[in-house]
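A.B. asks: Each chain, letter by letter, is given below.
2 protein chains.
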Amino acid sequence: MVQAAAVNIPSLSATNFATVYNLFSLAIACLLFTSLYLVVSQRQVVREYRTAVVVSATVCGIAAYHYFRIFNNFQESYPAGATIDAPHTLSNIEFNEGYRYVDWLLTVPLLLLETVAVMALGRAASKKLLVKLIPASALMIALGYPGELSNELGPRLLWGTLSTIPFLYLLYVLFVELSRSLDRQPPEVVHTIKMLRLALVGLWGVYPIAYLFPVLGGDFFGGEGGFVLKQVGYSLADILAKAAYGLAIYKVARVRSRLADPAYDDDHAVEPVAAGADGLPARTAVAGSTPVVNGHAPKASRTS
Amino acid sequence: MVQAAAVNIPSLSATNFATVYNLFSLAIACLLFTSLYLVVSQRQVVREYRTAVVVSATVCGIAAYHYFRIFNNFQESYPAGATIDAPHTLSNIEFNEGYRYVDWLLTVPLLLLETVAVMALGRAASKKLLVKLIPASALMIALGYPGELSNELGPRLLWGTLSTIPFLYLLYVLFVELSRSLDRQPPEVVHTIKMLRLALVGLWGVYPIAYLFPVLGGDFFGGEGGFVLKQVGYSLADILAKAAYGLAIYKVARVRSRLADPAYDDDHAVEPVAAGADGLPARTAVAGSTPVVNGHAPKASRTS
Chain A
1 MVQAAAVNIP
11 SLSATNFATV
21 YNLFSLAIAC
31 LLFTSLYLVV
41 SQRQVVREYR
51 TAVVVSATVC
61 GIAAYHYFRI
71 FNNFQESYPA
81 GATIDAPHTL
91 SNIEFNEGYR
101 YVDWLLTVPL
111 LLLETVAVMA
121 LGRAASKKLL
131 VKLIPASALM
141 IALGYPGELS
151 NELGPRLLWG
161 TLSTIPFLYL
171 LYVLFVELSR
181 SLDRQPPEVV
191 HTIKMLRLAL
201 VGLWGVYPIA
211 YLFPVLGGDF
221 FGGEGGFVLK
231 QVGYSLADIL
241 AKAAYGLAIY
251 KVARVRSRLA
261 DPAYDDDHAV
271 EPVAAGADGL
281 PARTAVAGST
291 PVVNGHAPKA
301 SRTS
Chain B
1 MVQAAAVNIP
11 SLSATNFATV
21 YNLFSLAIAC
31 LLFTSLYLVV
41 SQRQVVREYR
51 TAVVVSATVC
61 GIAAYHYFRI
71 FNNFQESYPA
81 GATIDAPHTL
91 SNIEFNEGYR
101 YVDWLLTVPL
111 LLLETVAVMA
121 LGRAASKKLL
131 VKLIPASALM
141 IALGYPGELS
151 NELGPRLLWG
161 TLSTIPFLYL
171 LYVLFVELSR
181 SLDRQPPEVV
191 HTIKMLRLAL
201 VGLWGVYPIA
211 YLFPVLGGDF
221 FGGEGGFVLK
231 QVGYSLADIL
241 AKAAYGLAIY
251 KVARVRSRLA
261 DPAYDDDHAV
271 EPVAAGADGL
281 PARTAVAGST
291 PVVNGHAPKA
301 SRTS
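Protein chains in written order, with the working numbering: chain A, 1 to 304; chain B, 1 to 304.
Take the hints with a grain of salt, since some may be wrong.
For identical chains, the list gives no copy identity; a pair is met inside one copy or between any two copies.
Derived DSSO-like pairs: lysine-lysine, alpha-carbon spacing no greater than 27 Å straight-line [stated by the list, open to error]:
no., residue 1, residue 2
1, Lys127, Lys194
2, Lys128, Lys251
3, Lys128, Lys194
If you're looking for bench data, these hints aren't it; they were derived computationally from the structure. Given the structure is predicted, the values throughout are model-derived calculations rather than measurements.
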């Protein structure tokens, strides 16, 4: 096994400690409550998009768990000094970057799964994509880890480059193979797919940048400054690529639910809620809509 | 980066410690259980108001999480003295006001979101409001933080004043721009909107007062007394502006659900519940209403 001690920098100023500490807590709050929000909101979308929403919630939940671990580990690795203003020096407990890689190994394939699920391409097309995307994404994370354990330029670049190969394959599948099957999709679906894959790839771009901070060299990037920037980069990237992205998936699912079933349309600005001839709100009079009471469509309503 | 040590006062009397400690615990109880109550009650309102209720629950949940952190941090920063009556002197662990600002950065924009969501202005009008309100509210919190890190009059007033600019813009959007679109709304909706925005702004007024306690000067406000008053002010303001306000949002959603769909009307005072010919409560005889028993629409009721 590779020794991990090299990444642990010897001390952090009180201000740097507080910055990283508050950011980890922010990440916990964002990820945990996005997860809970998505779970309790799953009935706001039609059944076929609930898998996408619940997988998004799972991704955020897994990440929140790992940030709890990272937060506690950080406090143990860099305990308070003699006074509030004193630097926090490294204890005998390693600051374990392994948590991040375990997290990504689980969440990155799931992020691809939630993306494909919300595209609603059909079972065969989804499966064809996922058998390529999921192994490639797991390989991408696994190959990055040995490089993370080193602060030296050589190994970090070597493993970083190896990790880029499956990433380029992901790009090929998402931007070349997927595009070929887009002709058969309605225009608004094509737009959603293009937007989601762009967001995914754009947000993932932050990780390799943060990964490279410690090797940029110099006193700043090679030491405390590089460590703080890397933690800030990874944490913000996780908040955006998991919590914000999960909310974007939910938003897509909401829009598509509304198009699929007018009962899921909350906007009554144009057509205000008013009792119709049958005493039900006017919205249920829309042709073909399914009136929903407490989240359940009454069985006999379609015939009325 | 600014040093945060200035806000940590050197010691707290046993009574002052107990006051703040019990208040933090009260805040946890109010916020956590309001959050849970709102989540488990979301089905008591029609679908279009569930987002408002679940966002209210999320706000209270995020705040409860931060009060757990604040509570534990407070115990570590001011550990017990040699005896029960001895003052609690500051340890080497900073009392971190950063938690409050991280909390507000997330919850204040969400409070505006839940308010706009329950207004049910329609998608276009809501979006137009939120793209102004959300960035302005986040800016208001971010600009207040540097001032919080200082107990000196100058920086605290400077950042406090800068933070007031986006707050005034919020007032403009809520009281001038929003009012212009109120003509198109039914009178009872206009009444609700006016009440909610007044409550919001009234409750938010407590924060700047608490913010200014430590700079009012003198031995009392500049020291231990100012610190205790600030914690009491922030905590009571959080309980009112999040838990009590969340329950008010829920109440509005309940009233509007009742108006939109008689199945959501629980009031049988005029028409007491009694078994009808079909064994269902008498209210099911109301023309066109959708009977709801235990949250499920009886299968055959539509045909009766």
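A.B. asks: Are any of the numbered hints broken by this structure? If so, which, sorted upward?
C.D. replies: none
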